[in-house]
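*Asks:* In case you want the letters, here they are:
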Amino acid sequence: MSQTSKAPSPIGGATQPPAKIEVALTVNGVEAHLQLAPWTTLLDALRDHLDLTGTKKGCDHGQCGACTVLVEGRRLNSCLALAVMQDGAQITTIEGLAASDALHPLQQAFIEHDAFQCGYCTPGQICSAAGLIAEGKAKTSDEIRELMSGNICRCGAYPNIVAAIEQAMAVMRDKS
Amino acid sequence: MVSKISRRGVLGGAAAVGSVGWGGLVDPDDLRRPAKAVAQANRASEPTRPYIGTPTSRIDGRAKVTGAAKYAAEFNEPGLALGPGLAHGSLVTSGIANGRILEIDAGAALRVGGVIDVLSHQNRPDMAGSDEAYQDETAPEGSPLRPLYDDKIRFSGQPIALVVAEEPEIARFAASLVRVEYQDDGHVTDLYRQREAAFAPAQPGASRFGPPKPRGQAEEALAAAAVRHAAEYYVPIEHHNPMEMYASTAIWHGDGKITVYDKTQGVQNVHRYLCGALLMEPDDLRVMSPYMGGGFGSGLRPQYQVLLAVLAARALERSVRVALSRTQMYGLGYRPAMLQRIELGADGGGNLEAITHEAITVTSQYEDFYRQETGWSGLLYACPNAKYEHKLARLDLATSCDMRCPSAATGVYALECAMDELAVALKVDPLELRLRCYSDRDQNTDRPYSSKNLRDCYRQGAEAFGWQRRNAEPRSMRDGGELVGWGMATGVWEALQMPIAVRIALSADGHAEVSCATSDIGTGTYTIMAQVAADMLGLPLENISIRLGDSTLPQSPVEGGSWIAASVANGIATTASAVRSELVRLAKQMSNSPLADAGRDDVVFADGKLVSKRDASRAVSIADAMRSGAVDRVEQQRSTTFADDGVHAHNTHSAIFAEVKVDEQLGVIRVTRVVNAVAAGRILNTKTASSQIMGSVVWGIGMALHEETLIDHNFGRIMNANIAEYHV
Chain D
0 MSQTSKAPSP IGGATQPPAK IEVALTVNGV EAHLQLAPWT TLLDALRDHL DLTGTKKGCD
60 HGQCGACTVL VEGRRLNSCL ALAVMQDGAQ ITTIEGLAAS DALHPLQQAF IEHDAFQCGY
120 CTPGQICSAA GLIAEGKAKT SDEIRELMSG NICRCGAYPN IVAAIEQAMA VMRDKS
Chain R
0 MVSKISRRGV LGGAAAVGSV GWGGLVDPDD LRRPAKAVAQ ANRASEPTRP YIGTPTSRID
60 GRAKVTGAAK YAAEFNEPGL ALGPGLAHGS LVTSGIANGR ILEIDAGAAL RVGGVIDVLS
120 HQNRPDMAGS DEAYQDETAP EGSPLRPLYD DKIRFSGQPI ALVVAEEPEI ARFAASLVRV
180 EYQDDGHVTD LYRQREAAFA PAQPGASRFG PPKPRGQAEE ALAAAAVRHA AEYYVPIEHH
240 NPMEMYASTA IWHGDGKITV YDKTQGVQNV HRYLCGALLM EPDDLRVMSP YMGGGFGSGL
300 RPQYQVLLAV LAARALERSV RVALSRTQMY GLGYRPAMLQ RIELGADGGG NLEAITHEAI
360 TVTSQYEDFY RQETGWSGLL YACPNAKYEH KLARLDLATS CDMRCPSAAT GVYALECAMD
420 ELAVALKVDP LELRLRCYSD RDQNTDRPYS SKNLRDCYRQ GAEAFGWQRR NAEPRSMRDG
480 GELVGWGMAT GVWEALQMPI AVRIALSADG HAEVSCATSD IGTGTYTIMA QVAADMLGLP
540 LENISIRLGD STLPQSPVEG GSWIAASVAN GIATTASAVR SELVRLAKQM SNSPLADAGR
600 DDVVFADGKL VSKRDASRAV SIADAMRSGA VDRVEQQRST TFADDGVHAH NTHSAIFAEV
660 KVDEQLGVIR VTRVVNAVAA GRILNTKTAS SQIMGSVVWG IGMALHEETL IDHNFGRIMN
720 ANIAEYHV
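Read top to bottom, the protein sequences are chains D and R.
If you read the first sequence in numbering that gives the first Met the number 0, its first letter stands for residue 0, the second for the next number, and so on.
If you read the second sequence in numbering that gives the first Met the number 0, its first letter stands for residue 0, the second for the next number, and so on.
Don't read these hints as lab results, they were simulated from the structure.
Just so you know, not all the hints are guaranteed correct.
Cβ pair distances, simulated, as ranges [said to hold, decoys possible]:
hint : chain 1 : residue 1 : chain 2 : residue 2 : range
1    : R       : 420       : D       : 141       : 33 to 41 Å
2    : D       : 81        : R       : 189       : 48 to 56 Å
3    : D       : 50        : R       : 462       : 28 to 36 Å
4    : D       : 140       : R       : 478       : 14 to 22 Å
Since the model is a prediction, treat every value here as computed from it, not as a measurement.
Positions of the beta carbon are idealized from the N, C-alpha and C atoms, including for glycine.
Bound conformation, chain D alone:
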């Protein structure tokens, strides 16, 4: 039996890459002007165009949370966001989370509680936790678990992640 794979119809009938558009992103306080194709995700813009590889690609489908960054202070799966849609946005990645050379309380707490093993989901966990704390909704460990459920850790560090977030929340509350 012979069969031919059906190649999907090219996007809009086109067989050439789309033209590039200028996009301005302010990433970790630094304004960058990029020439990006409309199909480039915010995640790929960060990793491939700005060499900010701290933001991770675990699925490219919004299923794992490893690509979480803060856009205008809100957490977002950067693999599901087209970069052109973020023109003019303020973006914070794991590289820019700490104000200075000192670690952010979440980063410190993740180290102390061993809230990771391989470290690949970690930047997304930490950015997501920063967004969670800013949202102010999670008061209990059960609420932290629920509101962090979009961030998967295959090493299974979940209890330590919750403990680290609780510690960082307390530290940040004391400081404010």
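Mind docking chain R on chain D? Use the hints.
*Replies:* Below, chain R without anything else, positioned relative to chain D:
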């Protein structure tokens, strides 16, 4: 979700210090400390010396929480990921499960602006033509997959073409335009359909991974047993799904020289594999893997993207990155589905008389992957009669492979279910049944253990869990609208050590660089290596730097089988001993040396000094010893092997207690409490070891309640090849 993991088990407990083969090559006293300190140590405290056994935070922690740690797809030298330096490969994978490629039409893909080339079996560069060339150090028997080698399709999702373009999005788009014509020869992907055709790959006792030899007369003993229990158990195919997707970045240096950054659990294994398969000179290739975003066994064998990245880099004479999509990762290896039948016979007092264990596991049409699937059941409990049978069923899938405790995770699960069911038949408490069948000897080899502290695990785990309050009557325990179940099981795994080499370079300023071509796949290898080196050399932890994940470093096996911590720690101890001897020699040679009369064993190393054991005022600094010897560094490399003493069996054990609540109306299952008491010999780092154990519990919950790779047998294709529908 795990709501509580008890730390009151015997993790790091006093019972097993120095037990896992610390003998012979290393002075065990160097490594022995009262384990009491371990239990008392505060997890958040700063590391204190000695470091071994403390909850030292990961030395690579800062890199991992700041995004500075670079994984295989993140090395962009020279320059950015985009630009003239690096090209990007995207895979075309097969849409049928068995057959041949009649034609690949890459015309439309090649016409896309930015596409550089489309490689397939029709135009690939020269590759090795023998199976041996593709057999890595963990390969099973058979004929390994040769990516892009010929027109044969062996499973759905097999790589059949690589589109290389200037940008990753262009490569992926163009890959969607490649048209493939197949001859479909039909397929079987259903284990139940191949059950009758399953075959025994090894006779009992004939090989390390085959079933052990039978003992006694299991069938007769079963027939005569007062109480019998027989049942069948099934575990589906499961995929590792590490968070980092497989990727390789091959950096072209010109003149045929390549450095490839790869996601792997064994850089030297990948190096040898690529040199064999791609006919490369060893000096032309360097394999690097400083960080790995999870492996769980999936990175023991070299994966095909590394071969394709290097193949394309050589063909195009430029740097190439090949990254798999999450869906494509379901075309790699997997934990084989396992059909098992266990029969237990016991006397009325709960003493086992006989065990038979039959299993069928899944492999591909082209390789015979299997492990010690059935032997665990006859090893664990005292039982005079045991018989094993293991068969393989061939399916049109990729070859199965190692996944976290391969064979034990599946085989012991079935044994422990059977033991529970036997306990019900006997009307005996499940923990009591296991204590009645307790054995101080490996039942398969009849050797005593180097250490076995399972009894303490049972006792401490039961106490921490509150097992004595269990009501064995079904449906007797409730919490509001939920039924509450309490259960327990035994765990057992190997405690192996493998030959390894370590180099230590100590400089006069008291800094030591420790090198070994091992990996840190998240297990904490960087950290425990630094802890052991700091203690062995009497230096502060911050004076130790670790190099690993580089094929040019001293020899290491793959990071798997739970053997690296014990192997590399002893390797460091052996090499550090040689460094210390050299320093003592230099110190004794000094004019008016305060250590002139000291023997090798009369000197201790502390705070960057060599100090007389008898008189602490007699000391020489490392710097002075080197200066007087006119050397600016002391460098030693030693290989360490671990000969079987022919006497002992080496295993780790655990006792696990779990509380499960089931909503009677909705059937929702919640795991609300788990206590896992582990006897794993000497614990080097209580923080990272605790994380390993917690991760294993999370995996166990996932395995029991969530994980299953689902195949559409009509198409021979995995249906839930993503992590929204495959629940990790």
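*Asks:* Honestly, do residue 81/D and residue 189/R meet the 48 to 56 Å range at C-beta?
*Replies:* Violated: the Cβ-Cβ distance is about 41 Å, outside 48 to 56 Å.
*Asks:* So the hint says 14 to 22 Å: do the beta-carbon atoms of residue 140/D and residue 478/R match that?
*Replies:* holds (19 Å)
*Asks:* Just tell me: holds or violated, for the beta carbon distance of residue 420/R and residue 141/D against 33 to 41 Å?
*Replies:* holds (35 Å)
*Asks:* Could one say that the CB atoms of residue 50/D and residue 462/R fall in the range 28 to 36 Å?
*Replies:* The hint (28 to 36 Å, Cβ to Cβ) is violated, given that residue 50/D and residue 462/R are roughly 53 Å apart.
When the structure is compared with the earlier hints, violations turn up for hints 2, 3 and for no others.
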